[in-house]
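Student: Make a model of the complete structure from these sequences and hints.
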Amino acid sequence: MTYRVAMDIGGTFTDVVAYDEERGTFAAAKAATTPADLAEGVFAALGRAVESPGDISFFVHGTTQGLNALLERKGARVLLLASAGMRDVYHIARGNRDRMFDLKYRKPTPLVDRSATAEAGGRLDSRGTETEPLDERAVRAAAARARDEGFDAVAVCLLFAYANPAHELRAGEILREELGDDVLVVLSHQVAREWREYERTSSAVLEAYTGPVVRGYLNRIEDRFAARGLTVPVQVMQSSGGIVNASFARVHPLQTLLSGPVGGTMGGTAAGALLGRPNAICVDMGGTSFDVSLVLDGRPDVSSEGAADGFPVLMPLVNLHTIGAGGGSLAYAEAGGLRVGPESAGAVPGPACYGRGGTRATVTDANVVLGRVDPDWFAGGHMTLDTGAAHTAVASLANELGLETGELASGICDVANAKMAQAIRTLTVEHGREPREFVLLAFGGAGPVHAAALARELGIDEVVVPRFPGAFSAWGMLGTEVRRDLVRQFFTPGDALDGAAMSGALGSLETEARHALAEQGVPAERRRVEHAVDMRYEGQDYTLTVPLSGAGEPADEGFGAEAARRFAALHARRYGHATPEAPVEFVTLRTTAFGGLPGMTPEPYAPEPAPGGAAAATVKRVTFDGTAHDTPVLRREHLAPGTHVPGPAVVVEATSTTVIPPDSAATVDPNGFLVLKIGAAA
Amino acid sequence: MTAEARTADARTAEARTTRTRTAGARTAQVHPIDPVTTEIIRCALLQAAEDMNTTLIRSAYTPTIYEAKDCAVALLDRDHHVLGQSSGLPIFLGNLEECTRATERMYGAEVWRPGDVWLLNDSYIGGTHLNDVTVYAPIFSGEGGSEELIGFAASRAHWIDMGSKDPGGSMDSTTIYQEGLRMGPLKVYEAGEPCELTHQLIATNVRFPQPTLGDMRAQVACARTGARRLTEIVERWGTGTVLAARDAIFAQTERLEREQIAAIPDGTYEATGHLDNDGIDLGTPLRVTVRVEIAGERMTVDVTDCAEQATGPVNCGAAQTVAACRVGYKLLVSGEVPLNGGSFRPLEVLTRPGTMLAAVEPAACQYYYSHLGLVIDLVVRALAPAVPERAAAASYGDSMIVQLTGTDPRTGKLFVSQEATVGGWGAWDAQDGESCLINNVNGSLRDMPVEVLETLFPVRVEEYTVRTDSGGAGRTRGGNGVVRQYRFAADQKLSLWWERSVTPAWGLFGGEDGTPPRVTLNPGTPDERSLLKANALAVRAGDVLRCESGGGGGYGPAAERAADAVREDVRQGLLTPGAAVSAYGSGERETSGG
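Chains A and B, in that order, are what the protein sequence lines are. Letter by letter, the first sequence follows residues -7 to 674 in my numbering. Letter by letter, the second sequence follows residues 12 to 605 in my numbering.
Hints are computed from structural coordinates only; laboratory data are not their basis. One should not assume that every hint holds.
[Unchecked claim] Under 7 Å between C-beta atoms, here's a sample of chain A residues computed to sit facing chain B: (1) Met78; (2) Phe93; (3) Leu95; (4) Lys96; (5) Arg98; (6) Arg188; (7) Glu189; (8) Leu330; (9) Tyr567; (10) Thr571; (11) Val611.
Note that the structure is predicted; figures quoted are calculated from it, not measured. Note that the Cβ used here is the ideal one computed from N, Cα and C, for glycine as well.
Tutor: Below is the structure:
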């Protein structure tokens, strides 16, 4: 027996999906996450899916260790070294604010105290030419301070290091010479070789702050797995949606910062490919969370920068949009009107039906009142819901608003669905697309409960609930690739472009990227490198990433005009207009290396035989559009491919519940996915 | 004292006062509506405005719009009431409808036709400077001759140049005719087709026609998004239901705001401050007095007692003054609650034509926002005694503009760099004010990275640090201003618009004022020169410009500040040990504290 195994270590549960390479079958398992010693939960979950770690041929996991250290402010003590005169760049934080009518606005509290910043003289100009040598004595003084005051890490960000890293490299040399291996030294150009000193400083600080935690974690988990007989390297999910091995992740720990939930988007990409649907809206809804991401033209929607807990970070990351609060969104009355969210009941006290002391109605309570969530089979039977508490909470608000309890419960769901759908529409509008071009992929415990209603609001006619909707992030990790991203600032007005120089720069990035894949054991025939350049119209600040055919393309005759044409076409697609004759600028080069994993050839999905032979176990009263319907409740594991399930129906499984409204119907496809046709009543 | 001084003026002021009160909505036919449908429609209208905003920002050409968010959008009903609004700049709050109203007043309701798009930038109608152009389109449902007007989509955005006498706008204009192309209601699209003559008129009058027309197309795209969304909503729910929901939504907003005002003790509250000058006569400060009356659930803001309209470009149309008073009101009354036609109904604003807050032709309006920032701060200042827990001490107050123009010797090209400068914000009862934060009027503007600035323009930044000791002392202290020091790498022209040295950020309830701003050319040399305003001053390569923005005001007596808070400020280098002694009394408190 050999298995490929993926694991998603979430805040509450650790989910495992294992692919049996001989039988071509998938299996999922879960165990409670054990924060004190993660290994306990990890091996408990693993033990439910595979016999022995020695049988594992490939192991990947997503970790939230770095992110947790950040959210809980339990990262390393960092000393920040900046160019002379620039010590406050990190604290000024570009001086903007995001709430317009707040007299009491405060920026996020920086991860480094102002007193823990030092400066070193030395200056480069914007082309990277030295105008003043590095003050090495100041660097040694900073090292002495780091040693004397017991700092865990030093983050170095010097002006124009992206153009010429010489000063940063020399500072790094001195710091390592003085401090040895005890103190982590992070150089900004090695984290993000892009301009904008605040964003680069913030990225370097984040790496310094979370790096030691992530490294310690990776060391421990590798040791524990090795001790249990794992013979292959531990692979880690990156924020970009690609994977790297642990040795590589130890050198670039920042890349794993937001790795946890992106598996869902990668699963969406893989599922979209199986379904022949290149554009997918991935909806991940839990009891108290709601994340949306997009798959566009068969690729995950990845940005070249983003933010972590309010701090900017320059690295590729899958765009995950947290919207409202999902099932935990509170319903309440305001000035005689109904409101749903954004305030959330959170995990504690949680919805009233959780029986943890919550008394205010939430979306999940409304689902319970309507019969759409089975109180005895919530979270696969891991949790029993208090139906009475849900009724009491909804009834009390209904009384306040002059509505019947059932009427309000429907209303809460309708408002929540409308708001979620509107937020999703805005996301697609940002990409210049309409929702009806997409398939809606629903997962998480509550995603499939709302998916049909969301689709209807959005004018989408097909919803897919993949297998293992509660462990979909883990499933997604099995279908991804090794990935390494490299960037280089290359600012030039279009009319001054030196195509040969750009090709040369891309060529050296390609060499470096292929080397990274080789280091991770990706065989040459499975290595693939893509190049792109960020462009904009003169005077713009935002850029669009324009794909190139290869590193050599910029050296071709007529490249400038061709690039401008491609950019204008992208601009028109994205924004609805373009000015083909306007001057353009080239800003940043982006090279990405992919290393494909050996393909999987799963057998067609086969259901588990139903104990009594009958698939329809029970019939319940479920409310749709204000009317209670007799609704069959089916167990998903007994539904064979080709099975047609007309609405109304509810399909339950260990990790989720799928609601099929009266005007819709579901079919089980050969992958075992539930495919809902909205408005296609049987 | 102040009251006495203004008695004489008051009567004349009264006679010429313009009252701006938000009109009540035309009542819809009685149409029962449940709270669920109302809420779904409310959310859909808000999201429609967000989609308009997204379309505008994502498709704009110039950073002023997509980066500085110098723009706003609104979806209006047929009676010009706001159904949904999204604002980049706070001072664009709730006055886009002035443009559709003015058009209808001038040409009658029959002027609206499907597929038409209009624009307007007249300062005396829209209230702003000419760069702020409002583009608006009527929205119709139905087709083929049975179209029915259901509302309007409007957006306002800052165009980078309107053909004023100096690129980008002048700091020394004295009439609006020096400030560029001024357009009343003008059609830019007719029945879906561009009006070529209008496009041509704009293209031949502005310095950067390509990006300018690009931004206009982004505004047209924004209007189309709004039209599509509102049509979808009306077609889904029916006009009767949408109107009934509208009335319910407006009533909810009005009720919320009335409850908030009722919680403020009745009385008349007053505050006075000064602009440094009008940019022409540098020796004469310009006074603004704000009188706020709270009577039950109503609030009246009276700004009739202020300087007459000035020679320099510090005037604005009354519409913007109303907007500024609404910002002050919103800061204290309704916070981040979304705005709609029910907002501001309990608010009345009194302005007096001919003053700099209700300017008439031909007053120059380029720097129309400096005193609007002051008006906002004064509304908060006036009401602070009534709502001490909602108020905060003053912030550093204005955009503090540094503008450089010239020819870049590296490229031989003309360049224009305009930066706003961050500064200190005021403290409040629970916390110190924030340091180095952009001013209220500038929305979410981000500063210019040194690495980008030096790449694009022939200038170096030698220092960008917190201005130590500049926050006003107090139980909670004001935030610190910033130091930004430039060295010019080529001969060029320098323009400055720095304000609030006459009325620096005031403290509240015994807190100290923040340190006023200071700008020095070639500090520490025989050529040293202090200046806060300049228009196209010639500077040479190698000259140094040191800009120090003001700090925010403190809140409560400095003597009541916790000793360990003072010590921590010293440890973090935000307060020098000397200032700790002089501002907070004694060194002993520092040592005895812990």
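Student: Checking hints one by one. Is Arg188(A) an interface residue toward chain B, by the C-beta closer than 7 Å rule?
Tutor: OK, holds: Arg188(A) within 7 Å of chain B, min 4 Å.
Student: A closest beta-carbon separation below 7 Å is what the hint needs, so does Thr571(A) meet it against chain B?
Tutor: Because about 6 Å separates Thr571(A) from the closest Cβ in chain B, which is inside the 7 Å limit, the hint holds.
Student: Closer than 7 Å between Cβ atoms is the bar; does Lys96(A) clear it against chain B? Give me holds or violated.
Tutor: Holds. Min distance 5 Å.
Student: Can you verify the interface hint for Val611(A): is its Cβ closer than 7 Å to any Cβ in chain B?
Tutor: violated (28 Å)
Student: Given Tyr567(A) as an interface hint, is the shortest Cβ-Cβ distance to chain B below 7 Å?
Tutor: holds (4 Å)
Student: Next item in the hint list is Leu95(A). Is there a CB on chain B closer than 7 Å to its CB?
Tutor: Because about 4 Å separates Leu95(A) from the closest Cβ in chain B, which is inside the 7 Å limit, the hint holds.
Student: Any CB of chain B closer than 7 Å to the CB of Leu330(A)?
Tutor: holds (4 Å)
Student: Going by Cβ atoms only, is Met78(A) closer than 7 Å to chain B?
Tutor: holds (6 Å)
Student: Hint Glu189(A) vs chain B: min CB-CB distance below 7 Å?
Tutor: Holds - the Cβ of Glu189(A) comes within 7 Å of chain B, reaching about 5 Å at its closest.
Student: Hint validation: Arg98(A) versus chain B, beta carbon distance must be below 7 Å. Holds or violated?
Tutor: Nearest chain B Cβ about 5 Å off; hint holds.
Student: May I ask you to test the interface hint for Phe93(A) with respect to chain B, counting a Cβ-Cβ separation under 7 Å as satisfied?
Tutor: Phe93(A) check passes; min Cβ-Cβ to chain B is 5 Å, inside 7 Å.
The earlier numbered hint that this structure contradicts is number 11, and it is the only one.
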